[in-house]
Structures are given as C-alpha cells and as structure tokens.
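There are 2 protein chains.
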Amino acid sequence: MAAKVRVTFLGTSSAAPTRDRGLPAIVVRREGHVILMDCGEGVQRQILEESVGLGKDLTVLVTHLHGDHVSGLLGLLQTMSMAGRKKPVDMVAPAKLLKWLDVTSDLLNVGLTFPIRFVPARPGVVLRYRDFRIRAARATHSVDAFSYVVEEGPRSGVFHPDRARALRVPEGKLWSTLQKGRSVKVGDRRVSPSEVTGPRRRGVKIGYSGDTRPSPSLVRFFRGCDLLIFDSTFRASDAAKAKERKHSTSVEAAAVAKRAKVRKLALTHFSARYVETGPLVREARKVFPETVAAFDGLTLEVSPSPG
Amino acid sequence: MAAKVRVTFLGTSSAAPTRDRGLPAIVVRREGHVILMDCGEGVQRQILEESVGLGKDLTVLVTHLHGDHVSGLLGLLQTMSMAGRKKPVDMVAPAKLLKWLDVTSDLLNVGLTFPIRFVPARPGVVLRYRDFRIRAARATHSVDAFSYVVEEGPRSGVFHPDRARALRVPEGKLWSTLQKGRSVKVGDRRVSPSEVTGPRRRGVKIGYSGDTRPSPSLVRFFRGCDLLIFDSTFRASDAAKAKERKHSTSVEAAAVAKRAKVRKLALTHFSARYVETGPLVREARKVFPETVAAFDGLTLEVSPSPG
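So the protein sequences, as listed, match chains R and W. To convert, take the position in the first sequence, counting from 1, and add 30; that gives the numbering used here. To convert, take the position in the second sequence, counting from 1, and add 30; that gives the numbering used here.
Rather than coming from a laboratory, the hints here were simulated on the basis of the structure. Certain hints may be false.
[Claimed, not checked] Quick list of the computed label-pair ranges, beta carbon to beta carbon:
no. : chain 1 : residue 1 : chain 2 : residue 2 : range
1   : R       : V305      : W       : K126      : 34 to 44 Å
2   : W       : E331      : R       : R312      : 23 to 33 Å
3   : R       : P319      : W       : M112      : 28 to 38 Å
4   : R       : A125      : W       : M112      : 19 to 29 Å
5   : R       : G83       : W       : G62       : 21 to 31 Å
6   : W       : M112      : R       : A270      : 11 to 21 Å
7   : R       : E61       : W       : G62       : 18 to 28 Å
8   : W       : K126      : R       : R230      : 36 to 46 Å
9   : R       : K129      : W       : G211      : 19 to 29 Å
10  : W       : M112      : R       : P309      : 19 to 29 Å
[Unchecked claim] Taking lysine-lysine and the DSSO-like style, the derived pairs with C-alpha atoms no more than 30 Å apart in a straight line are:
no. : chain 1 : residue 1 : chain 2 : residue 2
11  : W       : K129      : R       : K129
12  : R       : K116      : W       : K294
13  : R       : K116      : W       : K271
14  : W       : K294      : R       : K271
15  : W       : K129      : R       : K273
16  : W       : K273      : W       : K294
17  : R       : K276      : W       : K117
18  : R       : K34       : R       : K271
19  : W       : K276      : R       : K271
Every residue, glycine too, gets a C-beta built ideally from N, C-alpha and C.
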C-alpha cells in the first residue's frame with residue numbers, strides 16, 4: 031500500500047506576518063515522519079491548530095538564515111524539551127545556524143532534552159531514510175540559501191487481488207506480505223510479488239524552493255516533482271522588485287514549474303502587500319495551469335504519478 | 031486632562047502556547063508611548079490583531095531570559111527594520127540579552143535599521159521619561175529575573191470650569207494652559223492653576239511580576255498599584271509544583287495583591303494544563319475580590335485612584 035504524503039502549509043506570508051498569514055513554515059507528513067521546511071515565528075501554534083504530532087520522527091530543513099524562516103525554532107525546541115522529548119531531531123541548515131542554536135541555548139537557558147543531529151546544508155543528498163531521502167541544491171538569494179527535495183525511493187507496483195486469488199493466495203496476511211514486496215509460500219509453491227503486482231512505480235517527489243530567484247539549475251533540480259512549492263513573493267507587475275530583492279514572481283514560479291515538468295505548483299511566501307492572491311495565481315495559471323495559491327492551513331495530498 | 035493608560039494582554043499562556051493563549055506579552059499604552067512587557071513568540075501577529083501601532087515611542091521590558099519570554103523579539107525587531115524604523119527602541123533586560131541580540135543580528139542577518147538603547151536590568155529606577163518612570167526589582171525565579179512597575183509622576187488636579195469662569199478666564203486656549211499646570215494672564219492679573227484645579231493626584235502605577243514566587247520584597251515593590259499583573263501559573267491544589275518550578279498560584283498572587291493594597295489584580299501566565307481559568311480566579315477572589323483572569327486580547331483601562 032502506498033504511503034500517503036500530506037503537505038500542510040503552516041505559514042504562507044513572506045518576511046512579515048499578516049492577520050491571515052503566518053511566517054514561512056511547511057510540514058510534509060509521511061507515515062508518521064514529520065518534515066518541517068522552514069520554521070517561522072508562530073509555528074508551534076500552527077502545529078497545534080493543524081494537529082501535527084511531533085512526538086515522532088522529525089526532520090527540520092532550513093533554507094536560509096533570515097529571521098522570518100527560523101524565528102519559530104527557539105519556541106519549538108523549547109516546547110519539545112518541556113514535553114520531555116528524548117528522540118533526536120534531524121536538522122539540515124546553513125552551518126551558522128548551529129552556532130546560533132548553541133549561543134541561544136546557553137544565553138536563553140533552553141535546556142534541550144534531546145540531541146540535534148545537525149547536517150550543514152550543501153548541494154547533494156543531505157539525509158537518507160529507509161524509504162526516502164532529502165537532497166539540497168543552491169538557491170539564488172541575498173544570503174546563502176538552499177532548496178530541498180524530499181523524494182521517495184521507488185514504490186511497489188499496484189496489487190491485483192484477482193491475480194492473487196487465481197494463484198490461490200488466501201486473503202489477509204499473505205496479501206500484505208506480497209504488497210510489501212516479499213514473496214510468500216502457498217502450499218509447496220512460492221509466489222513472488224511480481225506475479226500479483228504491476229511494475230514498480232516512481233515514488234513521490236516534493237520540491238521546496240525557499241527564497242530564490244528562478245534559475246536553470248533549479249529547473250533541473252525540481253524536474254518531475256509531483257508537487258513544487260515555489261517562492262511567489264511578487265506579482266508580475268512587481269518583477270523589478272522581485273529581481274532586486276532576489277525573490278520570484280508567481281509567473282516566474284510558473285515558468286520553472288513548466289520547464290521542470292512538475293505535476294502541480296503551489297505558490298507561497300506572498301508579500302504582505304497583497305491582500306488577495308487571486309491575481310498572482312491567475313497570472314501563473316496562464317503559464318502553468320496546475321497552479322494553486324497556498325494559504326495557512328491548506329493541506330495537499332500528494333500521490334505518486336500514475337505513469 | 032488625565033492621559034488614558036490602557037493595558038492589553040497579547041499572550042497569557044506560560045511556557046507553551048495553547049490554541050487560545052499565546053506566549054507571554056503585555057502592552058501598556060500611554061499617550062502614544064508603547065511599553066511592551068515580555069515578548070513571547072507570536073507577538074507581532076497579536077500586535078496586528080490588537081491594532082497596536084509601533085511607529086511610536088517603544089520601550090521593551092524583559093523580565094528574564096527564558097525562551098517563552100523573548101522568542102518574539104527577533105521577529106519584532108526584524109519587522110520594524112523592514113518597515114524602515116529609525117526611532118531608537120528602549121530596552122531593559124538582563125544583561126545577557128544584549129549579547130544574544132548581537133550574535134543573533136550577526137548570524138541571522140537581521141540588519142537593524144534603528145538603535146537599541148539597552149539598559150541592563152537592576153533594582154531601582156531603570157528608565158525615566160517626561161511623565162513616567164520605570165522601576166525594577168528582583169523577582170524569585172529559576173534564573174535571574176526582574177519585576178517592573180510603570181509609574182506616572184503626579185497628575186494635575188481636577189479642573190473646575192466654574193472657578194475659571196468666576197475668575198473671568200475665557201474658555202479655550204487659556205483653560206488648556208491652566209489644565210497643563212501653567213499660569214495665565216487675564217487682563218492685568220495672573221491666574222494660577224491652583225485657583226481653578228483641585229489638588230494634584232497620584233499618577234497611575236502598574237506592576238508586572240514576570241515569573242516569580244511571591245515574596246515580601248515584591249509586596250513592598252507593588253504597594254499601591256492601580257493594576258498588578260501577577261504570575262498565576264498554577265491553581266492552589268498544584269501549590270507544590272508552583273514552589274518547585276518557582277512560580278505562583280492564583281491564591282498566592284491574590285495574597286500579594288491584598289498585602290500590597292493594590293486596586294486590581296490581573297492573573298496571567300496560566301499553565302497550558304488548565305483549559306478553564308474559572309477555578310483559578312474564583313479561588314483568588316476569596317482572598318482578593320478585585321481579581322480578573324487575563325485572556326489574549328483583554329484590554330484594561332487604568333485610571334488614577336480617585337483618592
């Protein structure tokens with residue numbers, strides 16, 4: 031059975047929050063593993079609001095060291111410590127963040143109850159788990175910045191109950207063993223997964239740009255994403271501001287999505303100057319129709335490509 | 031005319047936020063001067079929500095260096111910088127906070143656009159303004175901690191229009207000059223303020239305990255407050271926990287209020303374990319009837335004692 035991957039937007043504003051939008055933070059949930067991408071101020075309340083459990087495997091990915099992307103970290107680490115967390119937290123971030131965490135823990139009496147397994151961000155695979163890995167690439171922003179993809183290994187093929195029945199495999203435990211990719215014994219005969227399932231499928235790939243200008247290297251990095259979450263700070267008419275401040279417009283985000291042949295684009299990191307994101311998403315859809323505008327609390331389910 | 035002093039609770043939880051309560055932060059507003067007491071995560075959104083303007087005189091008082099009391103500072107300073115603030119911000123806090131601000135500004139690329147006039151917290155008068163001053167006293171907590179009072183100088187007495195008319199002072203500019211405490215010339219005679227106003231009155235005094243155990247020295251420090259805001263992390267049945275963690279129960283807060291002869295007590299900093307604050311405030315009222323339980327968004331107007 032394919033694991034459900036859910037992406038929830040906790041904060042979709044850019045540098046300053048608004049009444050409706052919190053600072054940047056996104057969670058990817060996959061079989062109890064929570065991947066938090068950026069950690070803006072207010073993230074712990076958003077986590078409560080969206081009922082994201084954190085007693086589980088937790089990985090934090092930080093795109094760059096601007097306050098709005100890390101200002102929720104202190105509160106999050108402290109609250110988990112007060113709850114007595116023991117399990118390590120994995121963290122990928124520009125190296126200086128570790129120094130900040132050390133100084134902050136000391137000066138502000140944080141008293142962490144769990145270890146942080148810190149991986150300095152650099153291009154390439156930064157973390158490997160059993161069923162998925164995390165890769166980083168350089169983004170183009172006013173400070174050292176990284177984009178991330180979360181990508182699953184290949185998933186097992188679709189299970190065909192009719193084939194299993196034809197081979198007299200009794201429904202129940204043996205079916206689920208086959209679905210997990212292991213062969214089973216029926217009478218004195220072995221049945222292998224390939225006899226009852228279709229071909230293995232691509233796993234899910236989710237990309238997150240963080241703050242960045244569009245670039246050909248990011249187009250390559252995000253190629254084939256099932257969901258691409260991209261900087262959309264400005265609308266097209268403010269393209270000069272986007273360029274100056276090293277962000278992207280919604281139309282530039284759409285152009286990346288189109289060139290990278292992703293399946294779906296979610297725009298986020300909207301400047302507080304826009305009360306409505308309608309115009310931004312409409313412009314983007316002319317370039318890439320499968321575009322949505324993220325809002326705080328939006329959850330997208332991401333399933334593997336049928337192809 | 032007496033300045034209105036308004037106290038707004040931005041966050042009334044203790045160490046961890048809940049769905050309904052943010053981390054500790056309180057604003058005192060007086061004639062456009064904003065005094066922010068503690069600065070928990072999420073304070074900038076609460077400031078938007080309660081329409082507290084920050085383009086004005088701003089003083090930040092930090093009681094102690096636990097994350098939940100300072101985690102909103104980074105975002106607040108950054109947002110004011112993005113808005114191009116030039117006016118200095120006054121700040122009173124334990125000395126180590128300055129080091130944290132320095133390291134944080136550097137590592138997280140904060141880029142402050144305004145100076146911080148930093149006063150290390152110590153017992154006594156820490157800041158003096160034209161019409162009011164701020165005093166600090168040692169609190170009793172698990173780390174170095176301070177309590178604060180904001181106290182106005184004496185206010186001018188009540189203006190009596192009938193006396194002004196009897197002395198043939200024409201209504202308008204001359205009346206307001208007299209109300210401001212300066213004498214005026216009517217014909218060839220001087221009229222002094224004392225001829226048309228009652229006796230000078232005590233100014234408003236507002237006290238904030240921060241995190242603390244109750245103590246005789248705090249009773250002295252808060253004597254005669256018009257409003258006392260006091261640590262009420264626990265209810266009386268959890269008194270042992272309050273003692274162990276160096277906090278107070280609502281009943282202990284009420285006992286301080288009673289002994290200090292304050293006019294009104296606001297309980298705050300409630301442990302996330304209590305869904306309802308009703309029981310805490312009911313217990314406290316048995317000791318000190320003029321008690322309210324603070325909630326996020328509560329505004330109290332504080333006027334000078336009529337006595």
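Against the structure, the hints come out as follows:
{"no.": "1", "hint": "R:V305 to W:K126: 34 to 44 Å", "result": "41 Å, holds"}
{"no.": "2", "hint": "W:E331 to R:R312: 23 to 33 Å", "result": "46 Å, violated"}
{"no.": "3", "hint": "R:P319 to W:M112: 28 to 38 Å", "result": "34 Å, holds"}
{"no.": "4", "hint": "R:A125 to W:M112: 19 to 29 Å", "result": "25 Å, holds"}
{"no.": "5", "hint": "R:G83 to W:G62: 21 to 31 Å", "result": "45 Å, violated"}
{"no.": "6", "hint": "W:M112 to R:A270: 11 to 21 Å", "result": "18 Å, holds"}
{"no.": "7", "hint": "R:E61 to W:G62: 18 to 28 Å", "result": "54 Å, violated"}
{"no.": "8", "hint": "W:K126 to R:R230: 36 to 46 Å", "result": "56 Å, violated"}
{"no.": "9", "hint": "R:K129 to W:G211: 19 to 29 Å", "result": "54 Å, violated"}
{"no.": "10", "hint": "W:M112 to R:P309: 19 to 29 Å", "result": "23 Å, holds"}
{"no.": "11", "hint": "W:K129 to R:K129", "result": "14 Å, holds"}
{"no.": "12", "hint": "R:K116 to W:K294", "result": "43 Å, violated"}
{"no.": "13", "hint": "R:K116 to W:K271", "result": "22 Å, holds"}
{"no.": "14", "hint": "W:K294 to R:K271", "result": "51 Å, violated"}
{"no.": "15", "hint": "W:K129 to R:K273", "result": "34 Å, violated"}
{"no.": "16", "hint": "W:K273 to W:K294", "result": "24 Å, holds"}
{"no.": "17", "hint": "R:K276 to W:K117", "result": "28 Å, holds"}
{"no.": "18", "hint": "R:K34 to R:K271", "result": "38 Å, violated"}
{"no.": "19", "hint": "W:K276 to R:K271", "result": "51 Å, violated"}
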